[in-house]
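In order, the protein sequence lines correspond to chains C and R. The first sequence begins at 1 in full-length UniProt numbering and counts up by one. The second sequence begins at 1 in full-length UniProt numbering and counts up by one.
Hints may contain errors.
[As the list claims (entries may be wrong)] Sample of chain C residues lacking proximity to chain R, with all beta carbon distances greater than 12 Å (derived):
no., residue
1, S24
2, G25
3, D26
4, E42
5, A60
[Unchecked claim] Covered by chain R, according to a simulated footprint, are these stretches of chain C (three or more residues, beta-carbon under 8 Å):
no., segment
6, 3-13
7, 27-33
8, 44-56
Derived by calculation from the structure, the hints in this document are not laboratory data. Using N, Cα and C, we set each Cβ at its ideal position, and we do this for glycine too.
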Amino acid sequence: MELSGEYVGCDGEPQRLRVSCEASGDADPLQSLSAGVVRMKELVAEFFGTLVEQDAQGLAEDPDDALDGDDEDDAEDENNSGRTNSDGPSAKRPKPAS
Amino acid sequence: MQDPVEGLDGRAGLAEGEDSQLRPQAPDAQASSQNSATEGDHGNVPRSCPQDSGRPAAPGTLATPGSQAAPGSPSPGNTVGSGAAAEEAAVIPHSEQATLVPGRNGDTASTRNRHLEFSVTVPFRTAMEAGMARRSLVANARPQQVMVQQEFTANDSILAVRWTTDDPVLFRISINTFLDQLSLVMRNIQRLEFVAVVKRGRGRSRES
Numbered sequence: 001m002e003l004s005g006e007y008v009g010c011d012g013e014p015q016r017l018r019v020s021c022e023a024s025g026d027a028d029p030l031q032s033l034s035a036g037v038v039r040m041k042e043l044v045a046e047f048f049g050t051l052v053e054q055d056a057q058g059l060a061e062d063p064d065d066a067l068d069g070d071d072e073d074d075a076e077d078e079n080n081s082g083r084t085n086s087d088g089p090s091a092k093r094p095k096p097a098s
Numbered sequence: 001m002q003d004p005v006e007g008l009d010g011r012a013g014l015a016e017g018e019d020s021q022l023r024p025q026a027p028d029a030q031a032s033s034q035n036s037a038t039e040g041d042h043g044n045v046p047r048s049c050p051q052d053s054g055r056p057a058a059p060g061t062l063a064t065p066g067s068q069a070a071p072g073s074p075s076p077g078n079t080v081g082s083g084a085a086a087e088e089a090a091v092i093p094h095s096e097q098a099t100l101v102p103g104r105n106g107d108t109a110s111t112r113n114r115h116l117e118f119s120v121t122v123p124f125r126t127a128m129e130a131g132m133a134r135r136s137l138v139a140n141a142r143p144q145q146v147m148v149q150q151e152f153t154a155n156d157s158i159l160a161v162r163w164t165t166d167d168p169v170l171f172r173i174s175i176n177t178f179l180d181q182l183s184l185v186m187r188n189i190q191r192l193e194f195v196a197v198v199k200r201g202r203g204r205s206r207e208s
């Protein structure tokens with residue numbers, strides 16, 4: 001008896017997880033299968049844990065984030081240009097006094 | 001005496017030459033025949049010889065345009081052919097691009113639209129056990145169908161379960177839940193067998 005799992009990702013490549021559930025001697029086959037299920041849970045947790053981490057890293061390295069950063073820089077430039085415009089009137093005020 | 005004879009021979013030779021040259025072209029032949037008649041009338045005058053030599057040049061000049069026309073006609077054809085070839089050359093890359101771009105886009109689209117899949121096969125001892133497990137697990141899985149698609153199949157004594165989703169996190173949650181429930185189902189099956197054995201034992205003791 002073998003408890004098997006297969007994962008197919010975006011690339012279409014299958015990855016298999018296998019757990020042997022051979023009953024030893026007079027042991028109950030269902031008992032062996034239950035032990036196999038426990039082992040499969042461990043494998044699944046390990047496998048998908050790695051997969052989730054890779055997915056998170058992929059999102060972190062997304063080029064769109066860089067573009068978002070550029071947008072922020074552009075916003076700051078606009079703010080600076082606004083400040084420059086606000087300095088204009090203050091420079092003109094001394095002229096009426098003379 | 002011989003001189004007049006030689007002169008006649010020369011004229012005859014010229015006439016033959018003109019005829020041979022003009023035979024391929026009927027209009028030129030007629031013109032040359034008229035000229036030859038005139039030449040016959042003025043044959044006594046030696047000055048007419050240079051003029052005669054000049055006149056045959058005209059057919060040559062006429063022939064030249066014909067010869068030019070012959071190579072001229074293929075050249076436009078060649079141009080048309082080269083144009084067609086150019087068009088074909090231009091079209092082929094375009095068609096190739098057309099065939100490649102959809103392929104690339106198709107690959108990209110298929111890659112983007114491809115769902116994640118996970119399947120588990122559980123080998124029970126009997127078809128009855130597999131059926132019992134399937135019925136129990138299907139009922140428990142219904143609330144999760146909204147987020148993750150699950151498919152349960154019992155083939156003889158083999159239970160096969162397949163998940164389809166886009167999010168690996170949901171995968172882990174759903175599969176772990178399934179495995180926990182599977183363990184519970186197996187325990188229940190064992191207990192049912194135990195109860196059955198006990199009942200059989202009691203029946204035998206009563207009979208005895």
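Now for the hints, and whether the structure bears them out:
The claim that S24 (chain C) is not at the interface with chain R holds, since no C-beta of that chain comes within 12 Å of its own (minimum 16 Å). Every Cβ of chain R is farther than 12 Å from the Cβ of G25 (chain C); the closest lies at roughly 16 Å, confirming the non-interface assignment. D26 (chain C), annotated as away from the interface, keeps every beta carbon of chain R farther than 12 Å; the closest lies near 15 Å. Against chain R, the non-interface label of E42 (chain C) is violated: not every CB pair exceeds 12 Å, the least being about 10 Å.
Listed as a non-interface residue, A60 (chain C) keeps its Cβ farther than 12 Å from every Cβ of chain R; the least gap is roughly 15 Å. Residue count for the segment 3-13 of chain C with a Cβ under 8 Å from a Cβ of chain R: 10. That meets the three needed, and the coverage hint holds. Only when three residues or more bring their CB closer than 8 Å to a CB of chain R does the claim for the segment 27-33 of chain C stand; here the count is 5, and the claim holds. For the segment 44-56 of chain C, the assignment as covered by chain R holds, since 7 residues bring a beta-carbon within under 8 Å of that chain's beta-carbons and 3 suffice.
Violated hint for the displayed structure: number 4, the only one.
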